[in-house]
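Asks: Sequence:
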Amino acid sequence: MMASLCGDLVLLENQIPWLVLDCLFQKIVTTPEVVSKDELPLTTLVTNFFSGWWFSSEVDNNYEEIHKCENKHILDLLRNSLVLPSTKAKQKPGQRLYWKMMTATSLQEAGIKLKKAKSGITTTKISSILDIKFKDGILEIPQLSLHGVTETLFGNLICLEQCLFSGNEVITSYMDTAKPAVLVSSKHLGA
1 MMASLCGDLV LLENQIPWLV LDCLFQKIVT TPEVVSKDEL PLTTLVTNFF
51 SGWWFSSEVD NNYEEIHKCE NKHILDLLRN SLVLPSTKAK QKPGQRLYWK
101 MMTATSLQEA GIKLKKAKSG ITTTKISSIL DIKFKDGILE IPQLSLHGVT
151 ETLFGNLICL EQCLFSGNEV ITSYMDTAKP AVLVSSKHLG A
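Note that the numbering used here has the sequence shown beginning at 1, numbered continuously upward.
Just so you know, these hints were derived from the structure itself, not from any lab. Please note: incorrect hints may appear among the correct ones.
As the list claims (entries may be wrong) - When the alpha-carbon atoms are kept at most 25 Å apart in a straight line, the in silico BS3-like pairs for lysine-lysine are as follows: (1) K118 / K135; (2) K116 / K133; (3) K115 / K135.
What the hints assert, rightly or not - Computed beta-carbon distance windows for the label pairs: (4) Q162 / E109: 23 to 29 Å; (5) L24 / F134: 43 to 49 Å; (6) L40 / K113: 37 to 43 Å.
Keep in mind it's a predicted model, so treat the numbers as computed, not measured. Idealized CB from N, CA, C, for every residue including glycine.
With the sequences and hints as input, model every part of the structure.
Replies: Below, the structure is given as structure tokens:
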């Protein structure tokens with residue numbers, strides 16, 4: 001049932017403007033029965049709700065950066081939580097990201113080995129889908145949980161990018177055909 005709910009909440013056609021969601025949230029949390037000292041912003045609650053659905057490893061979301069974004073709706077918030085920490089760190093003010101990642105297939109054909117990024121207690125947490133490291137011919141990428149909800153999420157994120165983020169299609173460039181997805185799955189980079 002949760003998977004079905006998550007799947008419905010990420011469909012592009014089901015998006016409710018963030019302004020409306022936030023207004024409803026503020027009305028709920030300001031009622032005397034609900035008010036709490038430890039109240040979390042809506043962005044944090046939504047990100048926490050969805051984070052376990054796509055990363056197999058522990059995710060270190062930069063909530064302050066995500067909270068500052070002018071999210072259009074839940075799907076936009078999820079895109080920001082996946083790409084923001086990494087892209088913000090490398091992007092200069094006013095600069096757009098005009099780059100396209102090489103596919104997993106192209107990388108393998110060039111002799112580069114793919115490896116699942118380590119995370120957890122002994123190493124740093126994953127903070128972005130783009131936390132990719134390259135050293136000694138080995139490319140480490142975050143492991144994604146691949147299942148029905150993830151397929152729905154990424155399909156809708158790609159649609160969102162095609163509509164709103166021309167020239168900055170980060171998710172779209174991650175995998176552009178089914179062949180890299182099969183290769184990534186075979187390398188256990190997708191759980």
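Asks: Are the hints correct? Go through all of them and say.
Replies: Outcome of the hint check:
no., hint, in the structure
1, K118 / K135, "holds, 14 Å"
2, K116 / K133, "holds, 10 Å"
3, K115 / K135, "holds, 11 Å"
4, Q162 / E109: 23 to 29 Å, "holds, 27 Å"
5, L24 / F134: 43 to 49 Å, "holds, 44 Å"
6, L40 / K113: 37 to 43 Å, "holds, 40 Å"
In the structure shown, no violation is registered for any of the earlier numbered hints.
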